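Protein chains: 2
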Amino acid sequence: MTTAAVREGEILAAAARLFREKGYHATSMQDLAEAMGMNRGSFYYYIRTKEDLLFRLMRQAIQAFIEAVTPIVEQPLDPREKLRRAIATHLRVLTGMMDAVAVFLHELKSLSPARQREIVALRDRYEACIRAILAEGAQAGVFRIESPKLAGFVVLAVMNWPYHWYSPDGELAPEELAGAFAHMLLRGFERRDGEEEGQ
Amino acid sequence: MTTAAVREGEILAAAARLFREKGYHATSMQDLAEAMGMNRGSFYYYIRTKEDLLFRLMRQAIQAFIEAVTPIVEQPLDPREKLRRAIATHLRVLTGMMDAVAVFLHELKSLSPARQREIVALRDRYEACIRAILAEGAQAGVFRIESPKLAGFVVLAVMNWPYHWYSPDGELAPEELAGAFAHMLLRGFERRDGEEEGQ
Numbered sequence: 011m012t013t014a015a016v017r018e019g020e021i022l023a024a025a026a027r028l029f030r031e032k033g034y035h036a037t038s039m040q041d042l043a044e045a046m047g048m049n050r051g052s053f054y055y056y057i058r059t060k061e062d063l064l065f066r067l068m069r070q071a072i073q074a075f076i077e078a079v080t081p082i083v084e085q086p087l088d089p090r091e092k093l094r095r096a097i098a099t100h101l102r103v104l105t106g107m108m109d110a111v112a113v114f115l116h117e118l119k120s121l122s123p124a125r126q127r128e129i130v131a132l133r134d135r136y137e138a139c140i141r142a143i144l145a146e147g148a149q150a151g152v153f154r155i156e157s158p159k160l161a162g163f164v165v166l167a168v169m170n171w172p173y174h175w176y177s178p179d180g181e182l183a184p185e186e187l188a189g190a191f192a193h194m195l196l197r198g199f200e201r202r203d204g205e206e207e208g209q
Numbered sequence: 011m012t013t014a015a016v017r018e019g020e021i022l023a024a025a026a027r028l029f030r031e032k033g034y035h036a037t038s039m040q041d042l043a044e045a046m047g048m049n050r051g052s053f054y055y056y057i058r059t060k061e062d063l064l065f066r067l068m069r070q071a072i073q074a075f076i077e078a079v080t081p082i083v084e085q086p087l088d089p090r091e092k093l094r095r096a097i098a099t100h101l102r103v104l105t106g107m108m109d110a111v112a113v114f115l116h117e118l119k120s121l122s123p124a125r126q127r128e129i130v131a132l133r134d135r136y137e138a139c140i141r142a143i144l145a146e147g148a149q150a151g152v153f154r155i156e157s158p159k160l161a162g163f164v165v166l167a168v169m170n171w172p173y174h175w176y177s178p179d180g181e182l183a184p185e186e187l188a189g190a191f192a193h194m195l196l197r198g199f200e201r202r203d204g205e206e207e208g209q
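Just so you know, the protein sequences line up as chains A and B, in that order.
Quick note on our numbering: the first sequence kicks off at 11 and runs consecutively.
Quick note on our numbering: the second sequence kicks off at 11 and runs consecutively.
No wet-lab data here; the hints were simulated from the structure.
Just so you know, not all the hints are guaranteed correct.
[To be verified] Quick list of the computed label-pair ranges, beta carbon to beta carbon:
#1 His-193/A / Glu-181/B: 27 to 35 Å
#2 Glu-31/B / Arg-127/A: 40 to 48 Å
#3 Lys-32/A / Ala-124/B: 42 to 50 Å
#4 Gln-85/A / Glu-18/B: 23 to 31 Å
#5 Glu-20/B / Ser-177/A: 37 to 45 Å
#6 Glu-206/B / Arg-127/A: 48 to 56 Å
#7 Thr-12/A / Asp-203/B: 56 to 64 Å
#8 Ala-131/A / Pro-86/B: 46 to 54 Å
#9 Glu-20/B / Trp-175/A: 41 to 49 Å
#10 Gln-126/B / Pro-86/A: 17 to 25 Å
#11 Glu-31/B / Glu-31/A: 16 to 24 Å
#12 Gly-106/A / Ala-14/B: 43 to 51 Å
#13 Glu-128/B / Glu-20/A: 35 to 43 Å
Computed from a predicted structure; not experimentally measured.
Where a beta carbon is used, it is the ideal one built from N, C-alpha and C, also for glycine.
Construct all of the structure, not just a fragment, from the sequences and the given hints.
Take a look at the structure:
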């Protein structure tokens, strides 16, 4: 990465931590400048407005998920294995950016309508990726899923919920979480012997 | 209910809507008084501080879940039926107070430490209720659950996630959501023929 890209990452991580702890509205430009240890000049060079920072942070977060998970969907793998890998990858990304995920999930309302639409479009693209794995499994007859829409929400719920309680310093590694979640979800989705194929 | 209890319910619902839309910190006492159509005298009679209102709102929300779900756990029912009813009841309560649930899940950080502890204790009591159903099912040999802790998080994730996307005016009734979620979760948890009993 270039120095500018590293600096951008550090700025967004510091902003995510403050926005999560204090809330977006309660965080001032002064708080941000102090947290980043920047003088006024550099600060306004990197950050035009607070909303700009929120937008960049949210876009970076959802793009990290898209870039990590999309290649899995495109690989020639069994849909069960794709789901396992997607869950493991999602949890690896999520546990590496807990603050940004919390801000992403709480502060959409704080963006301008145009920027909300841009973020929602990226979020929809990511969710479609997850649903594509489920649809592929149903098509191939390995999953038995009655509502792909609701099954997609179940997977997203389980993968995202750790942002409420997971501590990277706790006893569970992201891989253990992912393994346990994938096991429970796959048991729920897999077609069993004797069941009819299809959705 | 008494008139005072009805008034309290209306006040907390109006506060939940504002706190959800604007965020707790960005909502002023002036905003709250206007939203409630109250004059200054009545307003300060009902509301001492903004944090007091947040605390009452969060306590009312978690107590609504505890009061609705606890009786199910105590009934002499098959653990699978208990889980089905708990999910249906949770979704009925949640879809009836989406704003309060969002505030509950986002604004814990805005309470004083003592009040945070009080709310967390109630939340833990509710989560223990859900885990008790899973433990009972594992004990009875109808569920096969490797980690009761993580299985509890899976159930809570699936039951709570709709606060992010569900619209009471949309096409899905809370009962349909609950039915689909219970079906997927029970498939994931149920012991299958030929599997050993226990956790």
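Checklist entry - Going through the earlier hints one by one, which of them does the structure break, listed in rising order? => result 2, 3, 4, 9 and 10
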